[in-house]
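As they're listed, the protein sequences go chains D and A. Here the numbering used here is used: the first residue of the first sequence is 1, the next is one more, and so on. Here the numbering used here is used: the first residue of the second sequence is 1001, the next is one more, and so on.
In short, the hints are calculated from the structure, not lab data. Given the structure is predicted, the values throughout are model-derived calculations rather than measurements. The beta carbon of each residue, even a glycine, is placed where N, CA and C say it ideally should be. Wrong hints could be hidden among the right ones.
From the derived model, a few chain A residues whose C-beta atoms are all more than 12 Å from chain D [what the hints assert, rightly or not]:
no., residue
1, Ala-1024
2, Tyr-1108
3, Asp-1111
4, Val-1141
5, Glu-1298
Short derived list, chain A residues pointing at chain D, Cβ under 8 Å [stated by the list, open to error]:
no., residue
6, Arg-1158
7, Ala-1292
8, Ile-1372
9, Arg-1393
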Amino acid sequence: MPEAGPAERELLRQSVRDFAANTSPESEVRRLMATPHGFDRRVWSIMASQLGLQGMAIPERYGGAGFGWAELAVVFEEFGRALLCAPYFATVALAVPTLLGSDDEDAKQRYLPSIAGGELVATVAVRASAADEVTARHASGGGYELHGRRPHVIDGGTAGLLLVPALGPEGPGIFAVEGGAPGLARETLPTLDETRKQAEIVFDGCPARPLGPAGGAAAILAQVQRLAAVALACEQVGGAQHCLDDAVGYARDRMQFGRPIGSFQAVRHRCADMLLDVESARSVAACAAELAPDGPQFGAAAHMAKAYCSEAFVRVAAANIQVHGGIGITWDHSAHLYLKRAKSSQLLFGSPQQHRAALADLVRGAA
Amino acid sequence: MSAGPAMMTGLDPGAPGAPGAPGALAARVERLLAGAPSPSVDGGIPFRAAQFDAGLAWVSFPAGHGGLGLTPAHQVVVDRLLRDAGVEPANLRNPIGYGNVAPVLAAYGTDQQRRRYLRACFTTEDIWCQLMSEPGAGSDVAGIATTARRDGTGWLLRGQKVWTSLAHVARWGLAVVRTDQDKPKHAGLTCFIVDMHAPGVEVRPLRMLNGKADFNEVFLDDVPVADDNRVGEVGGGWQVVRSNLDGERTAFGAEGDEPDPGEDLLAWWARACVDDPVLTDRVMSAVIRSRAARLTAERTRRGAAGEAVHPAIVKLLSSEAKQHTLEVALDARGVAGTLYAPDGYALEQPVRVGIMQGDAAARYLRVQALTIEGGTSAVLRNVLADAVLGLPREPRFDTGIGWREIPRNAGEYERKVRGQ
Chain D
1 MPEAGPAERE LLRQSVRDFA ANTSPESEVR RLMATPHGFD RRVWSIMASQ LGLQGMAIPE
61 RYGGAGFGWA ELAVVFEEFG RALLCAPYFA TVALAVPTLL GSDDEDAKQR YLPSIAGGEL
121 VATVAVRASA ADEVTARHAS GGGYELHGRR PHVIDGGTAG LLLVPALGPE GPGIFAVEGG
181 APGLARETLP TLDETRKQAE IVFDGCPARP LGPAGGAAAI LAQVQRLAAV ALACEQVGGA
241 QHCLDDAVGY ARDRMQFGRP IGSFQAVRHR CADMLLDVES ARSVAACAAE LAPDGPQFGA
301 AAHMAKAYCS EAFVRVAAAN IQVHGGIGIT WDHSAHLYLK RAKSSQLLFG SPQQHRAALA
361 DLVRGAA
Chain A
1001 MSAGPAMMTG LDPGAPGAPG APGALAARVE RLLAGAPSPS VDGGIPFRAA QFDAGLAWVS
1061 FPAGHGGLGL TPAHQVVVDR LLRDAGVEPA NLRNPIGYGN VAPVLAAYGT DQQRRRYLRA
1121 CFTTEDIWCQ LMSEPGAGSD VAGIATTARR DGTGWLLRGQ KVWTSLAHVA RWGLAVVRTD
1181 QDKPKHAGLT CFIVDMHAPG VEVRPLRMLN GKADFNEVFL DDVPVADDNR VGEVGGGWQV
1241 VRSNLDGERT AFGAEGDEPD PGEDLLAWWA RACVDDPVLT DRVMSAVIRS RAARLTAERT
1301 RRGAAGEAVH PAIVKLLSSE AKQHTLEVAL DARGVAGTLY APDGYALEQP VRVGIMQGDA
1361 AARYLRVQAL TIEGGTSAVL RNVLADAVLG LPREPRFDTG IGWREIPRNA GEYERKVRGQ
């Protein structure tokens, strides 16, 4: 796997930041979040053709650039900073690792190049609670069909490829369903964070092909959970950095009592606390990204990153609103968009408590 | 300060064949370990003398003064190698001398002072303290009221210092005092090396809430100091204080020789087979927060471009994480945490400073001081607001006038609290 040096990573950061600034100004975020699909297919395509971001961590033989998580971390951070509306997390942090983790050369050949090319949006219909089981049965005409529902599928309304963990006749497996399949009903749901779409998916005998042999699903999905945690942690660092910059800029400019509010110690200290959260979250997320996907104690680092960065981002996004005072609670100011992203991404893919419990289980297992 | 000595030698520290080249430093450490007296002889003093002479005491200092003109990052390599060989670090016995005073002497001292003091400081034959804080100059350390007045060719120091670690065993103290009361507060300060055995020096233990006396009060009653023990220019003391404080704040987050409280708590949790999910969640929160503080300190130590964070960030994260961690550690003991074992609050004057001494209750009490010593959390948040965030400063009332004109309280509060 090629690895970018610090200078190359800085170049990558700058070009992703420029791309996000050009394609995802606040006006565009607001326009897209109000649409049912929530993203711009033209931007998605340019993201692939000009920057190759969807294929960043796809091996070159499948049309990608063959980089790893240290580079993806930069992209997630910058997209989180800009609240860029695109199915990037679902496709790159969920679907790509699921495909790469499978022993299914045919599926990799079929899907990874079109993901890298910006033609295909993909997601994983993760099981979020015990109630939402999906079962796979042998179909009468050969192959498999899926029955059941999944209520919280990230970008499930737009994905051309759904990878569905399901209980099959041979045990737990992962099944691929294409967007136009018969028996597939999807309903885009109103979300707390409008910049990230979710859909409820109902499978009513919809045809599916198994991804690799049954048996490996649990390990693949556990790894996807860890990588999703790291991707969200990196997004959270970027979002928190934006909130800090926003609060500091406002505190410098806003005059009350004849002086900038940033000269009052109560405001200065709140901003300093935000800085502490941002810098410490950055350290924890970077550690997890450096260890991904299979470094020593990567699992523990991923749990720590999601638990810590989630809470840090929520604190910083909420503090940004308080620094802004009245303007901060209006619809027209962007502060609420970041609070919603923060709270929503805190709860997605394991709450901080769940990640701390998982960390405890890891330590127990190692002892 | 860190880059200065390396630049003075004109060497590229990493060039092949240079002392800092990969392997060269390790070879030098190996030669030291092979040729020097054993570190277990005479309290390690002869070993440390050889380490100093080999330039491995502070490798960033110039050759001949305990260094090789390399960078502080090279010292990390040396320290690791020596620790792996079982050598106790000098900074354990003489932390103020090693970490605070020596860098000041290297940067601001005369050649004569460096020759006279650095070697014995490193061998720990001479323990050092620094005479900085005063009852009326804590967070506002530039408000120092202890004076030095001319007396013939030398000086007489008069006043009171406080929070002085190791003063009861120190041979020398680095003092910051006021030499001009009419100049603005930052401009009238000067640094001196004080002989702690000189007439007029009185050291009293300052007992803390944990019963121990990690610190002292030092009374200076016309203590004579020769002018060749002045460090830096007359009126140049503030610059010295500033560089010293930055070093101190970084040192607080540095990879210490003590067990890390977060790792310690995690190990306890694993041993105790805790099955209470609420306690487990609190333990993991503290463990993760400790890890976050340490990872942030490492970014600074690695010093990669764009990586380093402000020392005040490191100090705030580290001290507040330790308080959080030791609170959880004490809570986890339940009712057993209500005892103060084994000896109660017997007065002790430790010669080693550390937070991980004693049981959970003792540690819990000790870490309350972490967010006060070396810069209070409130002051450090102001430092960050100024230096990192560029926020406008608060209005202040002590600039542009002579120190004598600045309102201050004259110790009534301390007298009231301590019944004197």
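Here's how the hints hold up against the structure:
1. Ala-1024: Non-interface label stands for Ala-1024 of chain A: nearest chain D Cβ at 25 Å, farther than 12 Å.
2. Tyr-1108: Since the minimum Cβ distance to chain D is about 30 Å, Tyr-1108 of chain A lies beyond 12 Å and the statement holds.
3. Asp-1111: For Asp-1111 of chain A, whose nearest Cβ neighbour in chain D is about 39 Å away, the distance exceeds 12 Å, so it holds.
4. Val-1141: holds, 18 Å
5. Glu-1298: violated, 8 Å
6. Arg-1158: violated, 35 Å
7. Ala-1292: Status holds, d = 4 Å.
8. Ile-1372: violated, 16 Å
9. Arg-1393: holds, 6 Å
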